[in-house]
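Grab the two chains, each in its own frame, and use the hints to assemble them into the complex.
Residues per chain, in single letters:
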Amino acid sequence: MGTVQMRSFAKYLGQGIVYALIAVLLGVFADTPAYRHFDDDKAELTLSLAHSGKHVRECRRLSAAEIAALPPNMRKPVDCPRERVPVLVEVELDGQLIVREFVPPSGLFGDGPSQIYKNFVIPTGSYNLVVRLRESTRDEGFDYQREARVVIGPRQRFVIGFRAEAGGFIFGATTEPADSPADTQQLG
Amino acid sequence: MRAPTRTETHGNPTRRPAVGGGPVAFVQGRLRWGFETVEAVLDRIFGPAWNPLYQLGALGFFYYWVVAVSGIYIYIFFDTGTTEAYDSVQYLTVDQWYLGGVMRSLHRYASDGMILMMVVHMLREFALDRYRGARWFTWVTGTPILWLVFVAGITGYWMVWDQLAQYIAIASTEWLDWLGIFGEAIARNFLTPTTLDDRFFTLLTFIHIVAPLLLLLVLWIHLQRVTKPRINPKRGLAAGTFLMLVALSFVKPAVSHPPADLTVVPGVLKLDWFYLSAYPLMDTFSNGAVWAFAGVLTFMLFALPWLPPVRRPAAAVVDLNNCNGCERCANDCPYNAIIMRPRSDALPFEQEASVHASLCVGCGICAGACPTSTPFRRASELVPGIDLPDRSLRALRDEADAVAAGLAGDARVMVFGCDHAVPVGRLATDGIGTLSLPCIAAVPPSFIDYVLSRDLADGVVITGCRDGECFNRYGVAWMTARLLGERDPYLRKRVPRERIVTSWAAASDRVALEKQIETFRASLSALPKPSAPQAPQAPQAPQAMADGDGPNA
Ligand code: HEM
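Sequence lines, in order, name chains F and R. Here the first sequence is numbered in my numbering, starting from 1 and rising by one per residue. Here the second sequence is numbered in my numbering, starting from 1 and rising by one per residue.
Any given hint could be a false lead.
Stated by the list, open to error - SDA-like mimics (lysine to any residue), calculated; alpha carbons at most 25 Å apart, straight line:
no., chain 1, residue 1, chain 2, residue 2
1, F, K118, R, T195
2, F, K42, R, R188
3, F, K54, R, R188
4, F, K42, R, L276
5, R, K234, R, V246
6, F, K11, R, A247
7, F, K118, F, D40
8, F, K11, R, R44
9, R, K270, F, K11
10, F, K118, R, L176
11, F, K118, R, Y75
12, R, K252, F, A34
13, R, K270, F, F38
14, R, K270, F, R155
15, F, K42, R, N287
16, R, K270, F, P154
17, F, K42, R, P193
18, R, K252, F, I22
19, R, K252, F, Y35
20, R, K252, F, P33
21, R, K252, F, Y12
22, F, K42, R, F349
23, F, K54, R, D283
24, R, K270, F, N119
25, R, K252, R, R44
26, F, K42, R, Y75
27, F, K42, R, D261
Because the hints were derived from the structure by calculation, they are not lab data. Just so it is clear, the structure is predicted and the values come from calculations on it, not from any experiment.
Looking at chain R on its own, in the form it has when it is part of the complex (with noise of 0.2 Å):
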């Protein structure tokens, strides 16, 4: 057996975020953990397609269209006035109970749903170590949107003027009044019956409505950075989550608590949990503490990106007497760092890629798009339009050869990996030889032809994030249109496609991956050697190219 270290700087797997020292990469890789379990059930149950746990910020947004019309509806028999508001939402909910209490139910049950979308969303991404580097802006922008969504589903839960309302009215007013910033003490509007004043629930119901418009302009400002961001669930997921939410609200309508009542402090309170939790500890804590609570918090998740281990790959770089202004690298880039603009130089073509380093992930994506990324390119030095500096093609095609001179036997096999998928330096044996990179799309197909023709390994493994889930968000789609024949760069025609198997799997599935490659190595033991040099073949679909897992698009 061979020494798995023969991957050397590609297949390393301790480049592998989740890995390594701190406590932050300690609870990532114990949530990473967490979250790959629960996904691969909900594959099984949902298919990648409609996995939820794939699409939780398209979720979100679902969620927030059904509280935003539930909302208008509501708002259409709301009377805003100390007495006026409780009677008109137990019109909703009583009297009006098969349209206007589904409503409201809606309202609600849709604006916890956010909540839990939100909560698991950004822990997910905190898990996948998505949020460093240049994809700080999004997770930065999305810290606002955290207080934005308590802020319109406390004013919501206030509106109501019962005595769950008149507890937070009280809560929330003498926490703000900690801050001293008030002229007079806001929480003198809620001592008496007499005191309180309609205007009140005017700003109220004007808060709960601009709270949420602004939280639709901060969600645009969070998407800025993610090329072609999904905002909308899959139809029949979307569907799903339509028919829970109504069958919820039938089963358990959404009602008030007795009316509010300022000379009596309500005793027992059966507090929405989601956006009412902070409450409990205003009551246990001072008000200050629970100030610095909330405030640390926030701090620390604006923070957060930045906490070491910083990890900034380079930016990738164009070469512009390789680039011919195809745009396929642009077209390609998940995260918009790469953009179209007209030639700078004397060559003959109309355009040239240009890359915004600041927004860049280092993913490699452009690479594996760029046409003149091909390692059969000898007699000029392969130096493709655009590559990354850390780990350049021409690297990967020198390590592709170290590898396989070290393979034996009659099924050797090269894997390509992902540094974020799993570790696939693990797998190396004497047939078996791995390359591990930053994204599995940053393979320029042509490499899978080179792999084969020029005899390196007698099957080639392409391995990236599951289905869905790619770290870099298109890897493994633009891969898998790529090998089919849909996308350029497409793998060629003459490449035979039953020496090439596709498995999109976690960090956490090696054990399947491993036993998926023994198939497929099995597989290639009984096809007859090629006889060099190759003949065309005729196309296959990838899904045909072995019995493991084809791609789910």
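Extracted from the complex, chain F is given alone in its bound form (with noise of 0.2 Å):
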């Protein structure tokens, strides 16, 4: 029933184990087994971008009639629409396209940014890495186009990011575009 006690330097002996036990439980789990998140022989490609497309129709000139029959406080001369057009991303490794989505808008009007984040493991090595984004209502083409060589070295985190205002597409942590003649980029 338990309670038939040892006496006392078998009990604290006894003790010293229990709580060396435990210790050994809390210190061993606290870092082992050691756990491989990722082969040296591969490396991740990410594709993060958030990048607005145009709006769904060019904003139209309101004719003088058309604006004085709005109320007073609401007059314009222009009528823009909120809504944008997805935007379609694609992205193509050694001619393989890997990515090709049309990115739907966020937010509740379809007025915000489209979003895209994916991650791919490729194997380590030199790659023709081509990435496209149309932004506009055309139906055909694209409106930036980057294509590179890129050599792509052992759990290397490669992203590519796109900003407008920077030219268009970012691979790396690099912000400036273009820097290699292998290295293009283009404005459709």
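Shown next as structure tokens:
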């Protein structure tokens, strides 16, 4: 019934052993076994962008009559739609299309930026990388395109970003686009 | 030999919680057996008072305070910022290893200890079936504690901003982004070193401080329905635990991984499996699957108290005609279910007891405490001031009379048992009659007097849960104190102590209890037959009652 107790030396020794066992449990599982999250012969390609497509149609100048018809506090010379077109994004690796996605605008009224975030695990090595983006109402072609020969090292995190102000696509941490002859950034 | 069915309704072993059908009951039974086995070993090593398994919640609190104090120390030196954070932690670990490093290690290992205590505590409450009925509240309020502890731990690892933190940052934000409730994906904060923002670290630090504070609040709520919760471990256990943590901190100081570098994916990581076990799952399965897993698990935990078989014993009922407002029931109730309020009838007493039915677990400790619960009352009906409708004292007395009528021999023993300890029904023989109650403290001490003075048996065995692990929290303690004359209602002095034995035994201790009863019966046979009516006897401590285990308070 458990309450038969040992003599005090044996008791304290026993307690020491129990504490040691708990310490081992805590000490070991606090960092062991080590976990391999990512292999050394692989790399990660991350596509992450948030970009607003163009409005679904052009702003239209209102005629004088139309302006007059509006309530006085809401009169404005142009009528602009809120909704934006989905942004089309493509990523091509050595001629193989790995992403082709029409990314819808965010927001309740479809007026926010289109957002995409995707990870790919790829073998290390040299690749011909082409990325394209369409932000307008056009049916064909792209508004931005960047193509580069990239060498991706072990466990490298290669991020494809996009900032229109910086001229378009951004590779890795760099913000200057097109920094080598093999790397061409085009505006469509 | 007499058939063991003699104990009729009260001794039915199938009423024991862990016994019954269904997978839940099966798992419970196995777990319970496991706990009882380990507890028996620890009882011998630590004694019931220091047995860590009997105070897991209190140990959880103790670890919490170690984490809090060490955390305050680390925070004094901690800088928020993408490079400053790592450097400041390195300073503590390397330059100030003798104090800052120890504090950091204590902070880590006590946090791990909290997970360990919390999980074992939860499993134990589950194994002992202490989560249903009126206890649902304590169980359900335990569930958010799990989440809060994990949030606190994970943000803690994140703040260091080493490669492990980087891994956690990206995996956690991608996991959160799966929900699609954040305007812009928060994982985008961790794309490149240039997108990293110091303000994010300020936010993290804020969460890391607020989560434990919230945890304290939820813990306070967690304990609202238990009377006198044990929130501090016994000093010896606390000292041992603290020494263990300090020793571990010197032997294996907590260290960081190399600093985070967002242009490189971390390869091999030394995960803290206590906090970060879910992360490899996110790598293997989709984030959605891990959300589903976490959601289902949380929901199951919440729902567990209401899964069949639903057991909800009827709440205790006050009989005002017999209640003089003495407060003993309210003082003994382990679940805050009885309050004293101003008298609502014309009787000349100031107060009356009132039962909050939704808080009552139906243990009957109140009936055992009521001074009117005396089986000697024949003139008036045996209706105590407070009683269990399912197992009234009157029925208990009738049952005791019936069981006694069937006993034979010169060492007749009446065993009072507990539904949650050894199923006493199986002990019944010609010379042994058994009665089982929801808690051993539901037996009013006057019942023992009754059995012996009316010669219903030659000896009485009082057996309930192991000391320190009473299913109803205070049953063993109150019963012991009543027998020792330290707590009302006392066992009368005239009751011959050598004819009583107490035994605190878990369900798995049946064989040992059987042996103890045999020894006791042998000692009874050797005693001279008492002459009726009885002469008053000198009181003795219950430990001296017989050669069995005495209660170790
Ligand atoms: C750090 C985390 C936790 C701490 C510090 C803690 C602490 C405590 C304490 C001090 C008690 C009272 C023990 C007593 O005096 O009898 C208790 C009871 C209880 N705890 Fe926790 N607890 C924690 C987490 C949990 C969790 C996660 C669950 C389950 C989901 C849980 C379920 C219970 C139950 C069911 C009881 C009531 C037992 C009864 O009714 O007798 N606890 N806890």
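Going down the list of hints, with the structure as the test:
1. For the suggested pair K118(F) and T195(R), the alpha carbons sit about 17 Å apart, so the restraint of at most 25 Å is met.
2. A distance of roughly 22 Å separates the Cα atoms of K42(F) and R188(R); the hinted pair therefore holds under the 25 Å criterion.
3. Pair hint K54(F) plus R188(R) holds up; C-alpha atoms about 23 Å apart against a cutoff of 25 Å.
4. For the suggested pair K42(F) and L276(R), the alpha carbons sit about 23 Å apart, so the restraint of at most 25 Å is met.
5. Between K234(R) and V246(R), the direct Cα distance comes to roughly 18 Å. Compliance with the 25 Å bound is thereby established for this hinted pair.
6. The straight-line distance between the Cα atoms of K11(F) and A247(R) is roughly 20 Å, inside the 25 Å bound, and the hint therefore holds.
7. Only pairs whose Cα atoms come within 25 Å are accepted, and K118(F) paired with D40(F) is accepted, the gap being roughly 21 Å.
8. Among the hinted pairs, K11(F) with R44(R) is consistent with the structure: their alpha-carbon atoms are about 8 Å apart, no more than 25 Å.
9. For the proposed pair K270(R) and K11(F), the alpha carbon gap of about 36 Å is over 25 Å, so the pair is violated.
10. Between the alpha carbons of K118(F) and L176(R) the distance comes to roughly 14 Å, so the proposed pair stays at or under 25 Å and holds.
11. A C-alpha spacing of about 36 Å is found between K118(F) and Y75(R), which places the hinted pair above 25 Å, so the restraint is violated.
12. Proposed proximity of K252(R) and A34(F) is supported: the alpha carbons are some 16 Å apart, at most 25 Å.
13. Restraint check for K270(R) and F38(F): satisfied, since their Cα atoms lie roughly 13 Å apart, inside the 25 Å limit.
14. Straight-line distance between C-alpha atoms of K270(R) and R155(F) comes to about 17 Å, which keeps the hinted pair within the 25 Å bound.
15. Between K42(F) and N287(R) the CA atoms are separated by roughly 21 Å; this keeps the pair inside 25 Å, and the hint holds.
16. In summary, the hint linking K270(R) to P154(F) is supported, as the alpha carbons are separated by about 20 Å, within the 25 Å threshold.
17. For the suggested pair K42(F) and P193(R), the alpha carbons sit about 21 Å apart, so the restraint of at most 25 Å is met.
18. A distance of roughly 14 Å separates the Cα atoms of K252(R) and I22(F); the hinted pair therefore holds under the 25 Å criterion.
19. The straight-line distance between the Cα atoms of K252(R) and Y35(F) is roughly 19 Å, inside the 25 Å bound, and the hint therefore holds.
20. With a C-alpha separation of about 15 Å, the suggested pair K252(R) and P33(F) falls inside the 25 Å cut-off, and the hint holds.
21. For a cut-off of 25 Å, the pair hint linking K252(R) to Y12(F) stands: about 23 Å separates their Cα positions.
22. A distance of roughly 82 Å separates the Cα atoms of K42(F) and F349(R); the hinted pair therefore is violated under the 25 Å criterion.
23. The hinted pair formed by K54(F) and D283(R) fails the criterion: a straight-line CA distance of about 36 Å is larger than 25 Å.
24. Pair hint K270(R) plus N119(F) holds up; C-alpha atoms about 23 Å apart against a cutoff of 25 Å.
25. Of the supplied pair hints, the one linking K252(R) and R44(R) is violated, its CA atoms being roughly 30 Å apart against a limit of 25 Å.
26. Among the hinted pairs, K42(F) with Y75(R) is inconsistent with the structure: their alpha-carbon atoms are about 38 Å apart, more than 25 Å.
27. Among the hinted pairs, K42(F) with D261(R) is consistent with the structure: their alpha-carbon atoms are about 17 Å apart, no more than 25 Å.
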